[in-house]
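K.L.:
Residues per chain are reported as follows:
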Amino acid sequence: DSGVTQTPKHLITATGQRVTLRCSPRSGDLSVYWYQQSLDQGLQFLIHYYNGEERAKGNILERFSAQQFPDLHSELNLSSLELGDSALYFCASSVGPRENGELFFGEGSRLTVL
Amino acid sequence: DAKTTQPTSMDCAEGRAANLPCNHSTISGNEYVYWYRQIHSQGPQYIIHGLKNNETNEMASLIITEDRKSSTLILPHATLRDTAVYYCIARTWVGQFYFGTGTSLTVIP
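Protein chains in written order, with this note's numbering: chain A, 1 to 114; chain B, 1 to 109.
Calculated from the structure, these hints are not laboratory results. Warning: the hint list may mix true and false statements.
[As the list claims (entries may be wrong)] Looking from chain A toward chain B, a few residues come up when the C-beta cut is under 7 Å (computed):
{"#": "1", "residue": "Pro8"}
{"#": "2", "residue": "Ile12"}
{"#": "3", "residue": "Asn100"}
[Unchecked claim] Listed below are the simulated DSSO-like cross-link pairs for lysine-lysine, each with C-alpha atoms no more than 30 Å apart in a straight line:
{"#": "4", "chain 1": "A", "residue 1": "Lys57", "chain 2": "B", "residue 2": "Lys52"}
{"#": "5", "chain 1": "A", "residue 1": "Lys57", "chain 2": "A", "residue 2": "Lys9"}
{"#": "6", "chain 1": "B", "residue 1": "Lys3", "chain 2": "B", "residue 2": "Lys52"}
{"#": "7", "chain 1": "B", "residue 1": "Lys3", "chain 2": "B", "residue 2": "Lys69"}
{"#": "8", "chain 1": "A", "residue 1": "Lys9", "chain 2": "B", "residue 2": "Lys52"}
{"#": "9", "chain 1": "A", "residue 1": "Lys9", "chain 2": "B", "residue 2": "Lys69"}
{"#": "10", "chain 1": "B", "residue 1": "Lys69", "chain 2": "B", "residue 2": "Lys52"}
[Claimed, not checked] Per the computed footprint, the stretches of chain A lying under chain B, defined by three or more beta-carbons under 8 Å from a beta-carbon of chain B, are:
{"#": "11", "region": "13–20"}
{"#": "12", "region": "25–32"}
{"#": "13", "region": "68–80"}
All values reported here derive from a predicted model rather than from experimental measurement. Think of the CB as a built atom: it goes at the ideal place given N, C-alpha and C, for glycine as much as any other residue.
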């Protein structure tokens, strides 16, 4: 158990809909990262938050948005869903961007868009 | 930001050492090399990381060349449970971890 909690574990929805994925980082971790993994692909970095502020953006679509709340949990919002958005979405946390520690990953949220 | 390249796939006999190479020729002096692995579709698991010196822990050893342009992850006695996708990552100095497509390691009985 990495200590990172993601909900829901599985989600099935239709095209055009909107979903929210939630992540609770490990206790004490201030950084939260979101990654997308499509079928048989590597992990694509989406976005990084540190202590409530956005630190870096990767290949995140404009239809997607994220935020980190004062209690440090984070949410990834996916809207106007398309079939190609079906993927595993991973959240990871770390102490902070300047620390040379590792990322701890959750078990992911599997999104299926029909 | 440094980019890493790895072979797409490798096989290793059970009980033998698995040596997984990684090229990171554009790595900066302050970028660490990290290794993770992913078993099936589980969350990636941290293995080891290093900057310049070779590192060893209970899971693996990391050998970084003197010019830091490449590294090798060594699993000393591979087991069937080591079958996974292994990712080599150059962590940027601002804390970004960019994963590539990794090496799919198959440990053969």
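K.L.:
Quick one: which hint numbers does this structure break? Sort them smallest to largest.
P.N.:
Violated hints (numbers, rising): 1, 2, 8, 9, 11, 12 and 13; every other hint is consistent with the structure.
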